[in-house]
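Given next are the chains, with one letter for each unit.
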Amino acid sequence: MPLIEVIDVSKEYANGEETIRPLDGVSLSIEEGDYVSLMGASGSGKSTLLNLIAGIDQATAGKIIVAGTDITRLSRGKLADWRAANIGYVFQTHNLIPVLTAYENVELPLLLLPMSASERRKRVAIAMEAVDLTSRAKHYPRQMSGGQEQRVGIARAIVSNPTVVVADEPTGSLDDETTEQILQLLSRVNEELDMTLLMVTHDADAGERARRRIRLERGRLMENGKELQTAKLHTA
Amino acid sequence: MLKFIPYVFKSLWRHRARTLLTVSGTAVALLVFCFIGAVQQGMLALTSGDDAGRTLIVFQENRFCPQSSRLPQDYESTIAKLPGVQEVVPVKVFTNNCRASLDAIVFQGLPPEKLKAWRDIDLQSGNWSAFSDQDDAALVGIDVATRRGLSVGDKFTIGDVSVVVQGVFKSPSAAENNLIFTQLEFLQRARGANDVGTVTMLEVHLNDTADPEALAKQIDQAFHAGPVGTTTRTKGMFQADTLADLAELIGFVHWLGYACVGLVLSLVATTTVMSVQDRIKEHAVLQTLGLRPLRVFGLVLTESLLLSTIGGILGVAGSVLLLSSTGMSIAAEGVTIAFEPSLPLAMQGVVVSVVVGLLAGLAPGWHASRTEIVSALRHA
Chain A
1 MPLIEVIDVS KEYANGEETI RPLDGVSLSI EEGDYVSLMG ASGSGKSTLL
51 NLIAGIDQAT AGKIIVAGTD ITRLSRGKLA DWRAANIGYV FQTHNLIPVL
101 TAYENVELPL LLLPMSASER RKRVAIAMEA VDLTSRAKHY PRQMSGGQEQ
151 RVGIARAIVS NPTVVVADEP TGSLDDETTE QILQLLSRVN EELDMTLLMV
201 THDADAGERA RRRIRLERGR LMENGKELQT AKLHTA
Chain B
1 MLKFIPYVFK SLWRHRARTL LTVSGTAVAL LVFCFIGAVQ QGMLALTSGD
51 DAGRTLIVFQ ENRFCPQSSR LPQDYESTIA KLPGVQEVVP VKVFTNNCRA
101 SLDAIVFQGL PPEKLKAWRD IDLQSGNWSA FSDQDDAALV GIDVATRRGL
151 SVGDKFTIGD VSVVVQGVFK SPSAAENNLI FTQLEFLQRA RGANDVGTVT
201 MLEVHLNDTA DPEALAKQID QAFHAGPVGT TTRTKGMFQA DTLADLAELI
251 GFVHWLGYAC VGLVLSLVAT TTVMSVQDRI KEHAVLQTLG LRPLRVFGLV
301 LTESLLLSTI GGILGVAGSV LLLSSTGMSI AAEGVTIAFE PSLPLAMQGV
351 VVSVVVGLLA GLAPGWHASR TEIVSALRHA
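These protein sequences, in sequence, are chains A and B. If you're matching positions, the first sequence starts at 1 in the numbering used here and goes up one per residue. If you're matching positions, the second sequence starts at 1 in the numbering used here and goes up one per residue.
Quick caveat, the hints were computed from the structure, so don't treat them as lab data. Be a bit skeptical, because a hint or two may be false.
[What the hints assert, rightly or not] Listed next, the stretches of chain B that the computed footprint assigns to chain A, with coverage defined by at least 3 CB atoms under 8 Å from CB atoms of chain A:
1. 11-23
2. 129-139
3. 278-289
This structure is a prediction, so every number in the text was calculated from the model and none was measured. Virtual Cβ for every residue (Gly too), placed ideally from N, Cα, C.
With the rest of the complex left out, here is chain A (with noise of 0.2 Å):
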């Protein structure tokens, strides 16, 4: 069974007058421990299936299934449970808390999880290290470069050992050494902590270090060129 079933989801909504529909339908299973890129143009709607599957947008229509659970029928509350403890999440602009240390926004995510203190050390000393950052850990975000951020930024996302990590755009604000380094990390997180990544990214050559490669073209999902096709929602 995949471990991320999109089945015949849709979304859309309105801008003025106009009612925007980036995502029509649209279906997709991955499995557990897959590496998925995510690409399209500007506005193609893959962020908002990124977004949707990170239950942190509501679909319009259709089924998000993660892990066996439909988390289009959970309310906002128990979303937030479920987002605690099954997804990790790589912001484009790493979006760290100012006023927290690199260890404290790292630990973050595990205030939310029944966890003892020694526990929590624990676990963002392991992140802290899988990032190589153990040295910084003191440093507020602005005492870092970009780098230093988003890879803090993927500690914070992995320290909770989450069902999925899913990362939007995440190399899009760094240079090219700097986004080297961090695909790199992403793909060790993949590898080495056996953790399903789907990263929405616009780079041809990001995209291209992923196992699965999909795009997202006028609403519709393409993988190798031909549209995925999986079961379809039934209505009564």
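Got chain A; can you put chain B on it based on the hints?
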């Protein structure tokens, strides 16, 4: 939620200028609130104390300022014979200012033995025998002594009345801590006057069975045809009538107290709204990480609560310190209202700041918790 308290403190510290301004504004408003409360409390204590209803004050008819009331002292013996009267205390009053003043000095001259028997005062320094033995001796209330820097052995003159301090006393009645007691005869002869045989007022202490109103009428009736007519009221009513103008002003001033609460509410709410607007994206990130909307609401509420409560506690502490160290009071026509800090008033101030903090955080907290994550993440 407690795990996020350091984050809340750090967020407040991040905008320390804004935080300090809000806290200090709240502190000043709560200081004023408590100050007004202390004035009202002082007024209430005068008109509703234990002896306010069981003691009668006999004053010269149609006289208000103590300087102008001159009752024959022998009225004392006539009143003492009336049934229900336990004791009559003749009192001569002198004040350096009959009008409302923050630094009016009020002397009360009483026979020493009656002063000792009918005033619940506790000497902090000096002794009774030195007071009784010396003609120009004075017992000074602790608040006057603090305000004027007086101690035993000091000689001072106010409005041509020169006395030597032979004791500093403390009374459970805050108003009395602002009085200076002398011997009756000394005050009758003070300033070169010869007022022996006249007093400003007679204080009539009743026994438990007496009806104050009926007795007051009886007293006024007895002297109706005499050389000097009298007006007799309970002590509470006398003080309320004497301070009527001030009471009206104090009644109006309590609205300023409510205005202070409103000010704190708007100040803390403004700061909290600004803080939420500054951190729309940050709250969206926290929600992405898995913070429930209710917890975001709680974080904002905690921030607002901390701002208001810290400011409130500082303001309350400041007012208690100010009032207790300065012993401030206001007097009019020889009656003194003491601005007295008290534990219930301090508690009231803290509770007000807590409630205001909660109220101020409600709307911004709700707004922060209802923000759509995706659109907030796009927020610059």
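Do the hints match the structure? See the list:
no.	hint	in the structure
1	11-23	holds (count 3)
2	129-139	violated (count 0)
3	278-289	holds (count 7)
Going through the hint list in order, the structure does not satisfy hint 2, though it satisfies all others.
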